[in-house]
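Kindly generate the complete structure, drawing on both the sequences and the hints.
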Amino acid sequence: PVRPRGRVRRVLTWPARPVGWLLRWVGRALFALLPGLLHRVGRWVGAGLSRLLGWIFWPLQRVFDAGWERLDRAYPRLLETALAHRAATLAVAVLLAAAALLCLPFLGLELVPPFAQGQFAFDLEFPAGTPLARAEDKLGEIEDALKDDPRIDVLYASAGDNPSLGGARSERRENVAQLGITVTDAGDRAGEAALIDRCRQILSGYPEIRYSFRRPSYFSFQTPIEVQVYSYDLDGLAAYSDRLAVAMAQIPGLRDVKSSLEQGNPEVQVHFERDRLASLGLDMDTVSRTLRGKIRGDVATRLKEEDRQVDVRVRRAAAQEMNVAEIGGLVVGQVEGRPIPLATVADVNVGTGPAQIVHVGQQRAAVIGANLAGRDLGSATRAIEKLLGDMPPPPSMAATLGGQNRELSTSFRSLMLAVTLAIFMVYLVMASQFESFLHPFVILMTVPLGLVGVVFALLATHTAVSIVVLIGAVMLTGIVVNNAIVLVDFVNQRRREGVPKRRALVEAGAARLRPILMTTLTTVLGLAPMALGLGEGAEIRAPMAVAVIGGLSLATLLTLVVIPVTYDLLDRKA
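152 is the number that this note's numbering gives to position 152 of the sequence shown; each next residue is one higher, with no gaps.
Treat the hints loosely; a few may be bogus.
Restraint ranges, calculated between C-beta atoms of paired labels, are given here [said to hold, decoys possible]: (1) Ala-194 with Asp-298: 55 to 65 Å; (2) Met-416 with Val-63: 35 to 45 Å; (3) Pro-150 with Leu-101: 48 to 58 Å; (4) Val-63 with Ile-423: 44 to 54 Å; (5) Ala-87 with Met-391: 50 to 60 Å; (6) Ala-66 with Gly-498: 30 to 40 Å; (7) Asn-349 with Arg-134: 48 to 58 Å.
I should point out that these hints are in silico values taken from the structure, not numbers from a laboratory.
Think of the CB as a built atom: it goes at the ideal place given N, C-alpha and C, for glycine as much as any other residue.
Below you can see the structure in the form of structure tokens.
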């Protein structure tokens with residue numbers, strides 16, 4: 001079996017099973033219960049209900065009937081004209097498809113539409129060496145500035161612990177903190193955005209604090225933009241990643257640009273001189289173990305406590321209070337009975353190392369992350385790719401794009417496979433029912449017509465392409481063929497009765513015009529509240545509804561003309 005991969009799997013699989021079961025039981029109820037209910041109840045309920053609804057919707061019915069009469073007279077003439085000019089009709093359809101392809105670069109691209117979650121957090125970093133008490137004092141000042149805001153329901157802060165980068169890694173240092181906020185009205189996206197801007201403004205009043213914004217990660221553990229730079233040279237990696245982070249911060253739409261390879265606390269660095277070690281007959285491993293034992297101590301034994309082993313470490317009492325000169329004077333070996341101090345075989349000095357060393361795929365890396373503000377993931381990714389082309393990494397380094405962009409590529413490939421599989425399965429079902437390989441192919445012409453409608457609908461509503469939109473495209477594949485099936489099946493019935501092909505096409509179009517338009521109209525009206533973005537979480541549902549409405553509407557209009565023309569062109573029998 002073919003299964004979706006990536007983040008799309010958790011989004012795509014949860015509605016598939018309940019919808020499948022629902023359709024199965026609704027189908028059984030339709031064939032088993034509905035005829036009996038209509039026979040027993042419809043005779044006395046139907047007449048009264050019809051009169052009541054007719055009285056309520058009488059003005060609307062008059063308008064509908066007047067418009068319908070004109071459409072009913074005009075459509076057969078339009079269809080006859082299209083059948084007489086097949087090449088021109090198909091050329092119009094091809095031009096629409098070409099226009100949709102030309103519009104694709106203007107559509108945004110994102111993993112999941114941004115939506116108001118009602119929660120967000122700021123990761124704070126104080127200067128290296130900041131005591132925990134001072135960090136807590138600053139956090140208290142920030143809390144005091146925010147606590148009276150009526151938009152805040154819950155405000156919490158923690159110092160010394162920062163689950164950054166979406167929970168994939170965590171930093172436990174005294175100079176980091178987290179400020180978390182839960183809003184009172186989770187559906188008020190404008191109010192939440194205004195509150196975030198106010199928090200940024202307050203934090204900007206503390207120039208010594210570096211901060212980054214993040215939301216709970218429901219669909220991805222990655223930041224929207226991540227550039228991963230690989231190298232074993234820490235100094236070169238730090239220099240290039242810093243330059244790249246500065247350049248990324250200048251790209252419009254990128255915010256909270258932050259490199260994982262940041263400067264940490266001061267530390268004593270020991271650089272061994274291999275030539276000196278070799279001349280004295282010492283090896284680096286032995287000297288390193290000796291030095292580690294003198295500073296950290298050695299494990300003399302292990303104490304068994306219930307089901308775990310506890311190390312008993314023995315070390316000198318003043319090991320943590322040594323200065324640089326005392327560390328350089330530590331004896332790390334002997335040559336002919338003469339003690340060899342550390343300073344003889346190594347350079348000992350005070351430096352600043354990285355706050356953390358990240359490994360990606362077992363390779364040392366610097367991860368430069370950024371959030372998006374007012375820009376879609378696709379255009380931001382293209383801007384980053386252009387930046388990497390303008391300032392490529394040195395030959396000893398490699399840079400790749402990760403984050404949500406990588407997940408987006410995996411999910412899109414999976415959904416393209418799902419669309420292809422859906423089309424293939426629909427074709428097999430129709431081929432078995434029509435006992436023909438040609439007529440199902442004619443019906444499937446509605447699928448590209450529907451996708452053209454999806455592109456135009458997204459462009460008109462300024463909606464970006466996302467996983468949710470592609471799920472709507474998968475649904476559209478099964479919905480959009482229904483009207484063409486009704487039309488082609490009626491054409492085949494009339495032809496089996498001896499009616500000529502052209503006349504059968506016109507009669508089928510006229511006879512099936514009302515049910516086709518009714519089916520489309522009920523679906524569009526049912527999805528309209530979802531497309532309007534009403535209620536909490538509407539940002540996730542609306543793109544799917546927009547895709548289905550746009551694709552189904554255009555496909556229906558073109559189905560009434562293009563499908564009969566395609567049928568007439570491909571089926572050579574008179």
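Discussion item. Taking the earlier hints as the rules, which of them does this structure contradict?
Written reply: Going through the list in order, the structure violates hints 4, 7 and respects the others.
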